[in-house]
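A.B. asks: The lines below spell out each chain.
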Amino acid sequence: MSDPIRHEESLSADLGALRSALLEVRAPDDEAALLSAARARAAARAATDAPSAVRPPTLGRVRIAHRTRALALAAAAVVAGVAVLVAVRAEWLLRAERAERAQRAERAERVAASPRASDAVAAAPVTAGALDARQAFRPIAFSRGLSASESYSVVRVRLELASSPLGARGPNASIEADLLVGEDGLAHAIRFDSADTLPVYAAPGPLSGERR
Amino acid sequence: MPSQTPAQESTDAALLVEAAAGREAAFVELYRRRRDDVYRFAYSLTRSRAFAQDATQEVFLKVLENAGRFDAAKGTARAWLLGCARHVVIDRLRAENRRGDEVPEQATAADHELRVLNEQRLVRLHAAIAALPLEYREALVLCELAELPYAEAAAVIDCPVGTVRSRLHRARGLLSSSLRAAEREPEGDSERVVMKATEVCS
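Top line first, the protein sequences correspond to chains A and B.
Residue numbering for the first sequence follows the numbering used here, beginning at 1 and increasing consecutively.
Residue numbering for the second sequence follows the numbering used here, beginning at 1 and increasing consecutively.
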């Protein structure tokens, strides 16, 4: 017989022997002590419960007062719990709002920090007058306008000037310009190369002066 | 702790119901009938007569207070009693651990139980059982020593029957290993076996 099987059988036999031996084990007779302890407990319980039965009118009111106090405590606990929940919720909402604000500000900062975005912001009609017009993007007519939340690409293009009055600079004259192309693939603003801005940007006064 | 007949079981249940209604005679009768079972269960788990004696007292005091909670549909009265005993034993063991006490006193040569369990082999076996982790120990004591069916043992431990089976299997394995290891050791006192069993189980 293999060892594990022998051990298993031996263990079963030993457990059986222990079981038989344990049957001989008897609990000491503590009946009197048990009963006295049980009676003492019962008496203690009775003492706790008795007053309401013995003197119902006054102690009944006391019990009711106790119950009322317990109810009030329970209600206070519930209110406190709800208040804590509301406070936690409010705090959570505030944090979420703050986080959103911070995120928005960070995004705006990022947009402002990028060269094309700063140009785009500068190209807004309201601020254009305050900036160097030659460096600013100018909104293209009929375009959707610029938005700080949108990203734009700057595309450099060369424009032929042959057909324009600016062609006075030469038959093959051209100027370079930067187009601000939005996510929709459309050009939203334009900025002319600073070297070429004078003829392009020229308002009637200065331009005519230049022509002269 | 032989298995109970349905008649005995129904009597136990009836006594519990009467005890719940406050009839002292029923409570005393229940105590007389079941104190040995509870005592043996506690003693099997702890190997301490004093512990088992105190635990038995406490179990029946709790039974007196909570007899109304017994539900015959959920299990037998004996399983319910042993369930109470299990809670009491675990609580007392935890309390003693918190106080930093040693494991309940081990049996000494003067103990009455040792006179009964006079075979050294059984003493060693009991010591090894007492050194098992509690979850395995209680499964082994309930199924092997108290001879409770798996379903009743599961009701006592409050776990699925499969868990009882697996714990019992594991308990037997651990016990077998510790006893084998003890056999290889030179003859010594049973404490060495306990130490070995503890090492195996930890």
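Among the hints, erroneous ones may be present.
To be verified - Between beta-carbon pairs, the in silico distance windows are: (1) A:Ala-76 to B:Lys-62: 45 to 53 Å; (2) B:Gly-173 to A:Val-84: 36 to 44 Å; (3) B:Val-161 to A:Arg-95: 47 to 55 Å; (4) A:Glu-91 to B:Gly-173: 48 to 56 Å.
Unchecked claim - Just so you have them, the derived chain B footprint on chain A, three or more residues with Cβ under 8 Å: (5) 26-39; (6) 143-155.
Because the hints were derived from the structure by calculation, they are not lab data.
Where a beta carbon is used, it is the ideal one built from N, C-alpha and C, also for glycine.
A.B. asks: All the hints need checking, so say for each whether the structure fits it.
C.D. replies: Quick rundown of the hints versus the structure:
1. A:Ala-76 to B:Lys-62: 45 to 53 Å: violated (33 Å)
2. B:Gly-173 to A:Val-84: 36 to 44 Å: About 50 Å separates the Cβ atoms of Gly-173 of chain B and Val-84 of chain A, which means 36 to 44 Å is violated.
3. B:Val-161 to A:Arg-95: 47 to 55 Å: Check passed, 49 Å falls within 47 to 55 Å.
4. A:Glu-91 to B:Gly-173: 48 to 56 Å: Distance hint for Glu-91 of chain A, Gly-173 of chain B holds at roughly 54 Å.
5. 26-39: holds (count 10)
6. 143-155: n = 0 at 8 Å, threshold three: violated.
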